[in-house]
Amino acid sequence: MNRIEKTQVALAALFPEGENEPETVTPVEGDEAEEAVQTGQRQPGVQPTPYEKHGSHLDVLCENEQVVDIAGVLDKEGFFLETISGVDWLKQEQLEVVYDYTRYDHELCRVTVRTFISRTDPELPTISSVIPGANWHERETFDFYGVNFSGHPDLTRILLPEDADFHPLLKDYMP
Amino acid sequence: MQPLVFSPTPNPTLFSVEGIVGIIFLLTVALVIFGALVAVNSHRLVRAVSGLAICFTGLAGVYYFLLSPFLAMMQLLIYVGAVSILIAFGIMMSTPEQQDLPGNKHISKLAGPLGCSVGALFFAGFSVLGLNTQWQVFPRPENASGDIEAVGKVLLTTHSMVFELISIVLLLAIIGALVLARRGRN
Amino acid sequence: MTLPVELRHDETFVLNLGPQHPATHGVLRVKLTMDGEYIVKAEPVLGYVHRMHEKLAEAGNFAQFMPNTARMDYLHALAFNQGYALVVEKAAGIEVPERAEYIRVITVELNRIASHLLWWAAFLLDLGGFTPLLYAFDDREQILDLLERITGSRLTYCYMRFGGVYNDIDDEFITGTRDFIKRLRSRMPSLYHDLVTHNIILIKRIKDIGFITAEQCRKYGATGPVARGSGIDYDVRKNEPFSIYPELDFDIPVYNECDSMARYMVRMDEIEQSLRIIEQALDKLPDGPVQAKVPKLLKPEEGYYYSAVETARGSLGHRLICDGGKTPYRLKLRSPTFSNLSLFGEVAEGMLLADALAFMGSLDLVIPEIDR
Amino acid sequence: METSIWRPILYLVGIMAFAGLNAAYLGWCERKGAGRIQRRPGPKEVGFAGLLQPLADGIKLMTKQLMVPQGVDGIIFRVAPVIAMIPAITSMVVIPFSGNIQARAMELSVLLIFALASLGMMAVLLGGWASGNKYAIISSARAVSQNLAYEIPMLLTVISIVMISGSMNLRDIAIDQQGGFWHWNIFRFENGHFLYMWIGFIIFFICSLAETNRAPFDMAEAESELVAGYMTEYGSMGFGLFMMGEYLNIVVGACLTATLFLGGWDCPFGLTPGVWWFLLKIYVLIFTVIWVRWTYPRTQIYRLLNLSWKILIPFSLVNVLVTAALIKVF
Numbered sequence: 001m002n003r004i005e006k007t008q009v010a011l012a013a014l015f016p017e018g019e020n021e022p023e024t025v026t027p028v029e030g031d032e033a034e035e036a037v038q039t040g041q042r043q044p045g046v047q048p049t050p051y052e053k054h055g056s057h058l059d060v061l062c063e064n065e066q067v068v069d070i071a072g073v074l075d076k077e078g079f080f081l082e083t084i085s086g087v088d089w090l091k092q093e094q095l096e097v098v099y100d101y102t103r104y105d106h107e108l109c110r111v112t113v114r115t116f117i118s119r120t121d122p123e124l125p126t127i128s129s130v131i132p133g134a135n136w137h138e139r140e141t142f143d144f145y146g147v148n149f150s151g152h153p154d155l156t157r158i159l160l161p162e163d164a165d166f167h168p169l170l171k172d173y174m175p
Numbered sequence: 001m002q003p004l005v006f007s008p009t010p011n012p013t014l015f016s017v018e019g020i021v022g023i024i025f026l027l028t029v030a031l032v033i034f035g036a037l038v039a040v041n042s043h044r045l046v047r048a049v050s051g052l053a054i055c056f057t058g059l060a061g062v063y064y065f066l067l068s069p070f071l072a073m074m075q076l077l078i079y080v081g082a083v084s085i086l087i088a089f090g091i092m093m094s095t096p097e098q099q100d101l102p103g104n105k106h107i108s109k110l111a112g113p114l115g116c117s118v119g120a121l122f123f124a125g126f127s128v129l130g131l132n133t134q135w136q137v138f139p140r141p142e143n144a145s146g147d148i149e150a151v152g153k154v155l156l157t158t159h160s161m162v163f164e165l166i167s168i169v170l171l172l173a174i175i176g177a178l179v180l181a182r183r184g185r186n
Numbered sequence: 001m002t003l004p005v006e007l008r009h010d011e012t013f014v015l016n017l018g019p020q021h022p023a024t025h026g027v028l029r030v031k032l033t034m035d036g037e038y039i040v041k042a043e044p045v046l047g048y049v050h051r052m053h054e055k056l057a058e059a060g061n062f063a064q065f066m067p068n069t070a071r072m073d074y075l076h077a078l079a080f081n082q083g084y085a086l087v088v089e090k091a092a093g094i095e096v097p098e099r100a101e102y103i104r105v106i107t108v109e110l111n112r113i114a115s116h117l118l119w120w121a122a123f124l125l126d127l128g129g130f131t132p133l134l135y136a137f138d139d140r141e142q143i144l145d146l147l148e149r150i151t152g153s154r155l156t157y158c159y160m161r162f163g164g165v166y167n168d169i170d171d172e173f174i175t176g177t178r179d180f181i182k183r184l185r186s187r188m189p190s191l192y193h194d195l196v197t198h199n200i201i202l203i204k205r206i207k208d209i210g211f212i213t214a215e216q217c218r219k220y221g222a223t224g225p226v227a228r229g230s231g232i233d234y235d236v237r238k239n240e241p242f243s244i245y246p247e248l249d250f251d252i253p254v255y256n257e258c259d260s261m262a263r264y265m266v267r268m269d270e271i272e273q274s275l276r277i278i279e280q281a282l283d284k285l286p287d288g289p290v291q292a293k294v295p296k297l298l299k300p301e302e303g304y305y306y307s308a309v310e311t312a313r314g315s316l317g318h319r320l321i322c323d324g325g326k327t328p329y330r331l332k333l334r335s336p337t338f339s340n341l342s343l344f345g346e347v348a349e350g351m352l353l354a355d356a357l358a359f360m361g362s363l364d365l366v367i368p369e370i371d372r
Numbered sequence: 001m002e003t004s005i006w007r008p009i010l011y012l013v014g015i016m017a018f019a020g021l022n023a024a025y026l027g028w029c030e031r032k033g034a035g036r037i038q039r040r041p042g043p044k045e046v047g048f049a050g051l052l053q054p055l056a057d058g059i060k061l062m063t064k065q066l067m068v069p070q071g072v073d074g075i076i077f078r079v080a081p082v083i084a085m086i087p088a089i090t091s092m093v094v095i096p097f098s099g100n101i102q103a104r105a106m107e108l109s110v111l112l113i114f115a116l117a118s119l120g121m122m123a124v125l126l127g128g129w130a131s132g133n134k135y136a137i138i139s140s141a142r143a144v145s146q147n148l149a150y151e152i153p154m155l156l157t158v159i160s161i162v163m164i165s166g167s168m169n170l171r172d173i174a175i176d177q178q179g180g181f182w183h184w185n186i187f188r189f190e191n192g193h194f195l196y197m198w199i200g201f202i203i204f205f206i207c208s209l210a211e212t213n214r215a216p217f218d219m220a221e222a223e224s225e226l227v228a229g230y231m232t233e234y235g236s237m238g239f240g241l242f243m244m245g246e247y248l249n250i251v252v253g254a255c256l257t258a259t260l261f262l263g264g265w266d267c268p269f270g271l272t273p274g275v276w277w278f279l280l281k282i283y284v285l286i287f288t289v290i291w292v293r294w295t296y297p298r299t300q301i302y303r304l305l306n307l308s309w310k311i312l313i314p315f316s317l318v319n320v321l322v323t324a325a326l327i328k329v330f
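Chains as they are written, first to last, in our numbering: chain A, 1 to 175; chain B, 1 to 186; chain C, 1 to 372; chain D, 1 to 330.
Source of the hints: derived by calculation from the structure; they are not laboratory data. It cannot be assumed that every hint is accurate.
[Claimed, not checked] Ranges between beta-carbon positions, derived for each pair:
#, chain 1, residue 1, chain 2, residue 2, range
1, D, Leu321, C, Glu257, 38 to 44 Å
2, D, Met163, B, Val179, 29 to 35 Å
3, D, Tyr11, B, Leu66, 21 to 27 Å
4, C, Gly231, B, Leu172, 50 to 56 Å
5, C, Phe137, D, Val46, 22 to 28 Å
6, B, Leu172, A, Pro161, 55 to 61 Å
7, A, Asn148, D, Lys60, 53 to 59 Å
8, D, Ala17, C, Glu172, 56 to 62 Å
9, B, Leu172, D, Met163, 26 to 32 Å
10, A, Pro161, C, Gln64, 25 to 31 Å
11, D, Trp182, B, Leu172, 44 to 50 Å
12, D, Pro69, A, Pro161, 34 to 40 Å
13, A, Glu123, C, Glu257, 39 to 45 Å
14, D, Trp198, C, Lys207, 37 to 43 Å
Note that beta-carbon positions come from the ideal geometry of N, C-alpha and C, so glycine has one too.
Build out the structure end to end from the sequences listed, making use of the hints.
Here it is in structure tokens:
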């Protein structure tokens with residue numbers, strides 16, 4: 001079992017519903033996987049993605065509360081957090097938060113964790129209790145998107161002035 | 001080389017070595033008085049310490065004119081260079097703010113006049129004494145130039161007791177400082 | 001400020017280091033709570049040169065963002081060029097001609113050396129040594145001259161294109177680069193190592209200072225020389241090979257001491273490794289075009305793309321999300337020093353002010369890259 | 001006693017001129033020296049080889065407004081730079097430039113120089129305090145602890161020299177070393193002092209670097225840590241006076257080193273002693289100071305203090321003991 005499969009199994013344990021378990025553990029080259037990744041319409045679960053195409057081995061779509069558990073599992077597996085990016089899907093009326101994880105060793109494995117949250121009341125649990133390095137990344141996401149990370153020790157503006165009252169990366173933000 | 005002393009000539013002109021020496025003497029005396037006034041009257045602690053340092057510097061000058069250059073140097077080295085600086089340092093490290101000292105309002109109105117009159121009384125008394133005393137002219141002290149050998153001999157013979165006592169005091173001070181300084185450490 | 005020292009009941013005071021301070025190399029501000037000369041708490045305050053590049057990316061088409069990349073890490077601008085080119089090429093499925101890949105690697109590595117030289121100079125300046133600055137600038141100037149010949153600029157390059165590079169290199173550049181390699185190799189032992197690295201004051205200043213464990217690196221996502229100084233063998237060029245790096249023979253210097261000296265040594269060794277890379281790439285340089293046929297207006301298909309490159313400061317990631325339009329729907333930059341600096345608060349606790357600044361210097365901060 | 005007024009006036013003018021020229025032109029020397037060390041030309045635009053640069057700098061500094069920021073203690077802030085200059089100039093009075101060029105051969109001249117040096121510390125302390133700036137205060141605290149720490153080994157080394165010469169008069173100490181370099185205190189080979197005084201010389205030189213706040217011991221103005229230390233709030237001539245005071249302190253330190261260890265105005269080979277040898281020695285020493293400044297990085301305040309308390313003071317104490325013992329035996 002290589003690193004990618006191991007990680008996939010470890011993560012799949014967080015998604016108990018049988019239908020989300022992938023049938024095979026090798027990266028799927030088929031069209032279904034492709035489509036599922038791109039539309040963002042699929043069910044929560046772990047899905048292998050073609051690395052050559054997307055630069056990521058595993059794509060995890062999860063419920064909001066699960067980000068902490070996933071961070072815990074990945075932390076235990078020796079992953080580190082690369083970055084957290086917010087995305088504003090204005091048409092679908094929701095925000096997405098993307099976490100990128102990878103490992104230091106030579107068995108390359110990149111994991112993308114994604115979760116969708118409401119656009120009107122964006123709230124997510126913080127993972128900074130598990131991964132202290134997430135602190136600043138979450139502050140940045142709060143800064144740009146207004147995502148409220150509950151339980152964050154110091155959710156203040158980081159790059160924008162401390163008295164800013166706007167979230168500039170929202171698609172409907174007009175300066 | 002002789003230390004600067006007043007010339008026996010009774011009325012030196014201003015533009016001569018004796019005249020300049022006289023001016024310098026008056027300057028040192030003025031420095032003492034000015035420094036003392038600053039030290040007493042200033043409302044800021046650091047300024048008061050500066051006044052003290054000025055006063056000490058003037059005193060060193062007075063010692064020099066009293067034919068004790070060694071004492072004068074020691075006055076500069078210890079009182080200005082060490083004591084004043086340590087006091088200033090202490091203030092700097094401990095005062096919470098550069099506040100003006102609060103004027104004490106509870107002093108009776110009589111205090112000023114009383115103090116002045118007592119001071120005037122002392123001044124008058126000493127003046128009368130000084131003017132009426134038959135001053136003896138002592139010969140030049142032996143060690144007027146501050147010869148280091150003579151100082152050493154005096155310290156280790158005539159004043160050896162004092163010298164030893166001072167070392168004990170200094171030793172105690174060092175131990176005390178160490179105790180205080182080490183308290184914060186593990 | 002009317003109070004010279006603001007003493008609280010617990011006898012600490014706040015020292016505001018920056019945003020204009022000689023040791024922060026830019027406009028970083030660190031709020032230090034001090035107990036005498038010891039740091040009780042250190043909070044970096046960011047954002048003084050924030051320019052919202054990520055929003056700018058969403059405002060134009062793909063090619064229009066290329067000049068912006070160099071404005072972030074102005075010291076290793078070509079790696080930022082390359083990182084952005086790679087992620088867009090990945091999204092749009094563009095093949096890059098081999099010669100272009102070689103030229104990219106040569107220029108990026110030259111730029112890496114320039115960046116490390118400038119770091120070295122600035123680090124020594126932090127430690128109070130002014131002379132090394134000018135020696136390093138002397139060498140860096142040679143690199144800038146070389147790069148100016150082919151890229152047209154000296155600092156904020158916009159040299160890469162999707163599917164290649166803007167300009168082919170010529171013989172003069174190749175001989176100039178070879179001369180430079182010879183020159184730097186002859187200067188490294190005497191000017192850099194004898195004068196500075198073996199200096200007892202320098203060693204005492206940075207040895208065992210700024211101790212970062214491998215676990216701390218992982219928790220904070222530190223990469224680059226900071227991680228490699230803590231015994232982590234992580235370099236995107238080896239771990240996640242891109243471009244022509246797999247075809248070249250070079251080592252990743254790793255030191256296990258975890259202190260500022262280890263980070264210093266990593267960078268010094270990396271200069272030598274970069275020289276090796278350039279030499280091999282010049283030897284192997286194939287003929288051919290330097291620019292693939294690419295449509296003027298790119299429209300990559302919908303999807304999530306991630307690609308990483310190794311800059312002088314660590315792993316630079318581009319998270320690109322496309323919606324099929326002609327502009328990036330979302331471009332997130334994972335800048336290495338943003339993560340590296342987030343360590344600072346934890347590690348600087350309990351340090352002396354002078355040591356903390358030496359430690360900060362060893363992190364190799366480029367503020368515009370943190371603030372983006 | 002000859003009481004001509006002209007002698008003091010001539011010395012006054014001479015010392016002021018010497019001090020002023022040194023303060024101005026050491027800045028030029030430093031910049032030129034730094035330039036050469038760093039493979040660049042240094043100042044060269046104003047006058048031949050930039051020789052008028054100090055004049056230009058002086059005019060610039062003097063014509064700038066003396067800014068007194070809000071919240072500083074105005075009087076002390078203005079007076080501190082002046083205090084920085086006084087001791088350095090006054091010390092020149094007792095320095096024997098040659099056998100017959102010395103303003104005053106005081107019996108306690110060594111003591112006088114040290115007494116005045118401690119006055120200079122007062123200037124740093126007051127200047128830093130009056131600025132009302134946290135960096136300046138930290139810098140003042142550093143300067144005082146550094147100066148106190150290095151005064152002790154310096155004085156101890158001087159004591160061993162005084163014991164050998166039997167005098168605190170700089171002139172007597174210099175005369176004691178006349179007649180070739182084997183008589184100099186640094187190489188002294190008589191009365192049982194078998195070539196160990198160079199240890200004292202090194203201690204003294206290190207201490208004089210620290211006392212004059214020069215790199216690698218320039219803790220008080222460590223620009224990468226404390227911006228400019230106690231000079232942070234100073235501009236124009238306030239800054240200029242601090243700078244000049246610093247250079248003059250270096251000159252005094254070099255003069256003291258040359259007199260105490262290098263035979264004063266003596267020629268190394270016993271030929272034509274005179275003021276030129278003295279000047280040559282002090283400028284070689286000053287060049288060394290500049291050289292060190294532009295070669296080494298700065299050390300750290302606690303290492304600096306440890307160096308003094310744990311290495312220099314024990315060594316200089318042993319030095320005093322050995323010297324005393326050797327004087328007793330031979």
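In rising order, the numbers of the hints this structure does not comply with: 12, 14
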